[in-house]
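**Student:** These protein sequence lines are chains V and H, in that order. Going by my numbering, the first residue of the first sequence is number 92, and it counts up by one from there. Going by my numbering, the first residue of the second sequence is number 92, and it counts up by one from there.
For the record, the hints were derived by calculation from the structure and aren't laboratory data. Among the hints, a few may not be true.
Claimed, not checked - Listed next, with one range per pair, are the computed distances between beta-carbon atoms:
1) V:131 with H:169: 22 to 28 Å
2) V:181 with H:154: 20 to 26 Å
3) H:106 with V:104: 39 to 45 Å
4) V:139 with H:154: 39 to 45 Å
5) H:103 with V:218: 26 to 32 Å
6) V:170 with H:156: 21 to 27 Å
Quick reminder that beta carbons are idealized off the backbone N, C-alpha and C, glycines included.
2 protein chains.
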Amino acid sequence: MAKAIHSMIRVLDEARSVEFYQKAFGLKIADRLDFDSFTLIYLSNGETGFELELTVNKDRTTAYDLGDGYGHLAFSVEDVNSEHARLTALGLEPRKLVDFAPAGTVIARFFFIADPDGYQIEVLQRAGRYL
Amino acid sequence: MAKAIHSMIRVLDEARSVEFYQKAFGLKIADRLDFDSFTLIYLSNGETGFELELTVNKDRTTAYDLGDGYGHLAFSVEDVNSEHARLTALGLEPRKLVDFAPAGTVIARFFFIADPDGYQIEVLQRAGRYL
Numbered sequence: 092m093a094k095a096i097h098s099m100i101r102v103l104d105e106a107r108s109v110e111f112y113q114k115a116f117g118l119k120i121a122d123r124l125d126f127d128s129f130t131l132i133y134l135s136n137g138e139t140g141f142e143l144e145l146t147v148n149k150d151r152t153t154a155y156d157l158g159d160g161y162g163h164l165a166f167s168v169e170d171v172n173s174e175h176a177r178l179t180a181l182g183l184e185p186r187k188l189v190d191f192a193p194a195g196t197v198i199a200r201f202f203f204i205a206d207p208d209g210y211q212i213e214v215l216q217r218a219g220r221y222l
Numbered sequence: 092m093a094k095a096i097h098s099m100i101r102v103l104d105e106a107r108s109v110e111f112y113q114k115a116f117g118l119k120i121a122d123r124l125d126f127d128s129f130t131l132i133y134l135s136n137g138e139t140g141f142e143l144e145l146t147v148n149k150d151r152t153t154a155y156d157l158g159d160g161y162g163h164l165a166f167s168v169e170d171v172n173s174e175h176a177r178l179t180a181l182g183l184e185p186r187k188l189v190d191f192a193p194a195g196t197v198i199a200r201f202f203f204i205a206d207p208d209g210y211q212i213e214v215l216q217r218a219g220r221y222l
C-alpha cells in the first residue's frame, strides 16, 4: 500500500532553514544529496519516519511564490503552551495561541509559526485526533 | 518532541479529491469536520498515522494559485512499475517513470502524478532511503 513518506518545499537558504527546523521542531539532517544545480536535504526526528525534504535550487535568488493553495505542515507537541513560550523566547515569533471551538467545545489548541521562507507550520496540542 | 502529523492543501471539490486519493493511494476519510464556511477532511491509510488534510472553502470557485514554492507530497510503494500501470489504466495520467541516477547509480525510481487541483505527488519505489 502507498505510504506517505515526505513533503517537499523549496527554500532559498539551506543553513537558515536547517537551523529553524532544528530549533523549532528538533528535526535533524537524515540525509543530504548535493548535485550540480540543487541540493536535497531530508529532515526528521525520532517521533516519526515522515520527513521534510528541502530543495535548494542553487541559482534561485528571489523569494518563492507561496501561492494560496498549499496550507501547512502540522506538528503535534506534548505541551503547546510551553512550546509557544519556548519559540517566543527564541525570537521565532509564533502567532497567538488559539482554542478552536466552533461549536463551543475545543477541538484543537494550536498556533501557527512561519519558517524562514514564509511557509506556515501549525503546532497543535497532542490530543483528540491530533496525536 | 514535535511530531509531524499532517500536511494541509486547499482543494476546490471535496468529492473529486477524495475519489482521487482513494483510488490513487488507498487513502480513506479518517475524519470530516464541517463548518459554516469550510470543511476539513482528514485522509489516511493503514501504512502511517500521517494524514493529508484537505480544506474546502465553500465560497471558493476559482482555482488555487499553487505558486512555485511548495513541491509535493511523496508516497513510497512496493512496486512502482505496477502502480504506474494501475494508475495509467485508471486514466489518472501519471507522468513517465524516471530512474534518478545523477552519478550513474540509481538513487530513486519514481514518477509524478497530479491531483485534481494540480498538486504534484511523487510516487517512489520503496527502497534505499524511501521506505
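**Student:** All the hints need checking, so say for each whether the structure fits it.
**Tutor:** These are the hints, each one checked on the structure:
1. V:131 with H:169: 22 to 28 Å: holds (23 Å)
2. V:181 with H:154: 20 to 26 Å: violated (37 Å)
3. H:106 with V:104: 39 to 45 Å: holds (40 Å)
4. V:139 with H:154: 39 to 45 Å: Because 32 Å falls outside the window, the suggested range is violated.
5. H:103 with V:218: 26 to 32 Å: The hint (26 to 32 Å, Cβ to Cβ) holds, given that residue 103 (chain H) and residue 218 (chain V) are roughly 31 Å apart.
6. V:170 with H:156: 21 to 27 Å: This hint is violated: roughly 36 Å between Cβ atoms.
In terms of the numbered hints stated before, the structure departs from hints 2, 4, 6, listed from lowest to highest.
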